[in-house]
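Novice: The chain contents come next:
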Amino acid sequence: MYYEEVVMKDTDTLSGLAAEYGYKVSDWRKIWDDPKNAALVKKRTKPEHLQKGDTWQIPIPWKTTRRVLTADPNGATFIVNRDGEPGKRLSWVQTVYRSNQPIGPNPSPYCVDGCTPDDNLPFYWTNGEVASPPAWTARTTGDPKVNLRKTFIDHSSRNAPSVWMGTTKWRAVVSIAVVTEKRVTVVDSYVWGFDLTPASLTLVGVAITPPSTCTAVGPTPASAGEISAHVNLLGKGWGTLAAAFAQAHLNAFVPTATFGAMGWTFRKPPS
Amino acid sequence: MRALLAGLLTLCMASCSGMQKEKKMDWKDRVDPKKAATVKAVLRVKLIRAEGSDKYGWDLVGLIGVIKNETGFSFPKEFQVAHYSVEPGVPKGESTIYLERYSEADPPEWKLLNGTARDGVSDNTP
Numbered sequence: 001m002y003y004e005e006v007v008m009k010d011t012d013t014l015s016g017l018a019a020e021y022g023y024k025v026s027d028w029r030k031i032w033d034d035p036k037n038a039a040l041v042k043k044r045t046k047p048e049h050l051q052k053g054d055t056w057q058i059p060i061p062w063k064t065t066r067r068v069l070t071a072d073p074n075g076a077t078f079i080v081n082r083d084g085e086p087g088k089r090l091s092w093v094q095t096v097y098r099s100n101q102p103i104g105p106n107p108s109p110y111c112v113d114g115c116t117p118d119d120n121l122p123f124y125w126t127n128g129e130v131a132s133p134p135a136w137t138a139r140t141t142g143d144p145k146v147n148l149r150k151t152f153i154d155h156s157s158r159n160a161p162s163v164w165m166g167t168t169k170w171r172a173v174v175s176i177a178v179v180t181e182k183r184v185t186v187v188d189s190y191v192w193g194f195d196l197t198p199a200s201l202t203l204v205g206v207a208i209t210p211p212s213t214c215t216a217v218g219p220t221p222a223s224a225g226e227i228s229a230h231v232n233l234l235g236k237g238w239g240t241l242a243a244a245f246a247q248a249h250l251n252a253f254v255p256t257a258t259f260g261a262m263g264w265t266f267r268k269p270p271s
Numbered sequence: 001m002r003a004l005l006a007g008l009l010t011l012c013m014a015s016c017s018g019m020q021k022e023k024k025m026d027w028k029d030r031v032d033p034k035k036a037a038t039v040k041a042v043l044r045v046k047l048i049r050a051e052g053s054d055k056y057g058w059d060l061v062g063l064i065g066v067i068k069n070e071t072g073f074s075f076p077k078e079f080q081v082a083h084y085s086v087e088p089g090v091p092k093g094e095s096t097i098y099l100e101r102y103s104e105a106d107p108p109e110w111k112l113l114n115g116t117a118r119d120g121v122s123d124n125t126p
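Top line first, the protein sequences correspond to chains V and B. Under the numbering used here, the letters of the first sequence match residues 1 to 271, in that order. Under the numbering used here, the letters of the second sequence match residues 1 to 126, in that order.
Careful, some of the hints might be misleading.
[Said to hold, decoys possible] Negatives, chain B to chain V, calculated, CB over 12 angstroms:
1. ALA50
2. ASN69
3. LYS77
4. PHE79
[Claimed, not checked] So, partial list: chain V residues that the calculated Cβ filter (under 8 angstroms) puts toward chain B:
5. VAL96
6. SER99
7. ASP113
8. ASP119
9. THR151
10. ARG158
11. PRO161
12. SER162
Because the hints were derived from the structure by calculation, they are not lab data. Ideal placement from N, C-alpha and C gives every residue a C-beta, glycine not left out.
Modelling step: build the complete structure from the supplied sequences, incorporating the hints.
Specialist: Here you go:
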C-alpha cells in the first residue's frame, strides 16, 4: 500500500474522492480515520468543514487479484483483474518491447500500448472503451458487466519469424495506474510476454530446422529495474497528436510531443 | 483481310469491356447494406498479410475498389487496417470491409467497424 497525496479542489468532497480512488462512497472514513490524515482531521473536525487546498493522504491498497496468461501458437493472452471499486482515477498502463517485430503504422520497437496511439492519453483503454466496453471484452472475460477500470485484457501475437530474424521475444509491463491530475503512479506491475521461435527453414521441401514454437513468459512481478524502464518509457511514449506530427514529418523523432513533454509524469509508488 | 482484323478487334474490345463491366459490377454488388449504412468507407480489398497484434492487430490490404467513400480521404493502393487483437481481422482472399476512424490522428488511420471482422467484413471469397 502507498499513499496518494491529493489536494482538494472547490468541487471535491471526501466521499467523492474516495469513490474516484476506488473506494465505496460510504468508505470515506477509511481516509478520514487514517493516522496520516490526523492533523487535517483535527484542524477541520467535520467533513463539511473541508476546504479547497486541503491535502489528503489517500491510502491506495489496490492490487491485482487474478492474472491469467495463456499461450497460443503465435502469442499469448493476458487477463488481469484488480480489487477495489472502479474509480475514475484508476486505470491501466502498459508498455511494450516488440523485439524484432514492430507492427502497424508505428515502427518503434518500444511503445505505450495502443502502440499505434488510439488516443492522446497514456492509458491502455481509451475513455470511450471504459465508458462502453467493446463486445469482445465481455466475451473474453465471460463477464457481461465487465468494467475496464478493473480489468485488463490483451492478446499479442506475431507471425513466426524467419531463421535470420531469430526468436521474437515480445515483452510487456502492465500496471494499475493511479491518476491525479497528470501524475500517474504505477502499482503492482507485472511482466508478461512470449518467445516465438523461427519458422522451419525448408530446403527443397524438406524442413531442416524445427517448426516454430511459442512459449508464454511470466507473469512475474516487475523488478525495480523493469519498473524504472516502464516509467521511463511511459514518459517517452506518444499519443495521436505526436503520431500525426511524426507522420507529417516522415516519422521524425518528436521529443516535444511525448507524454512527458505534454506534462504527464510517471512514478513508482513513493515509499 | 484488313476488314477481318478490324472486325476481330471490335469484337474483342466489346467482349473485354463487357467482361470488365461485369467484374466491376461483381465486386460493387458484394455489400451488406446494413453495415454500409453505419460507416463512411466501404472498400473491396485483398489481404496481403496479417502482421500480428499488440492491443490491435494490423492487416496489410490491397485496394481492389471503392464502394463508398465519404471520408474525404483517398485510400492508397495498399494500406493497413486495424482490429482489436482479440477479434478476427481481415480474412484471406478478397473481402468487403467497412471502416471507421482508428483514432483522431490526422492523416487518418482505419479500423474495421467496431474493431472486428464480425462487424467490419462481409462477402469474403477465399
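Novice: If a hint holds in the structure, say so; if it doesn't, say that too.
Specialist: Hint check results:
Listed as outside the interface, ALA50/B is inconsistent with that label: its C-beta sits roughly 7 angstroms from the nearest C-beta of chain V, within the 12 angstroms cut-off. At roughly 20 angstroms, the least C-beta separation between ASN69/B and chain V is larger than 12 angstroms, which holds for a residue marked as non-interface. For LYS77/B, the requirement that its beta carbon stay farther than 12 angstroms from each beta carbon of chain V is met, with the minimum near 16 angstroms. Non-interface call for PHE79/B relative to chain V: violated, since the shortest CB-CB distance, roughly 9 angstroms, does not exceed 12 angstroms.
At a threshold of 8 angstroms, the smallest CB-CB gap from VAL96/V to chain B is about 6 angstroms, leaving the interface hint in force. Checking SER99/V against chain B by beta carbon gives a least distance of about 11 angstroms; that is not within 8 angstroms, so the hint is violated. Interface restraint check: ASP113/V against chain B, minimum CB-CB distance 5 angstroms, threshold 8 angstroms, status holds. A hinted interface residue such as ASP119/V counts as satisfied when its beta carbon comes closer than 8 angstroms to some beta carbon of chain B; here the least separation is about 6 angstroms, so the hint holds.
Annotation: THR151/V was flagged as interfacial toward chain B, and the flag is violated, the nearest CB pair being 13 angstroms apart, outside 8 angstroms. A least Cβ separation of about 4 angstroms between ARG158/V and chain B falls short of the 8 angstroms threshold, and the interface hint therefore holds. The criterion of a C-beta within 8 angstroms of any C-beta in chain B is not met by PRO161/V, whose closest approach is roughly 10 angstroms, and the hint is violated. The criterion of a C-beta within 8 angstroms of any C-beta in chain B is not met by SER162/V, whose closest approach is roughly 14 angstroms, and the hint is violated.
Going down the numbered hints, you'll see the structure goes against 1, 4, 6, 9, 11 and 12, while the others check out.
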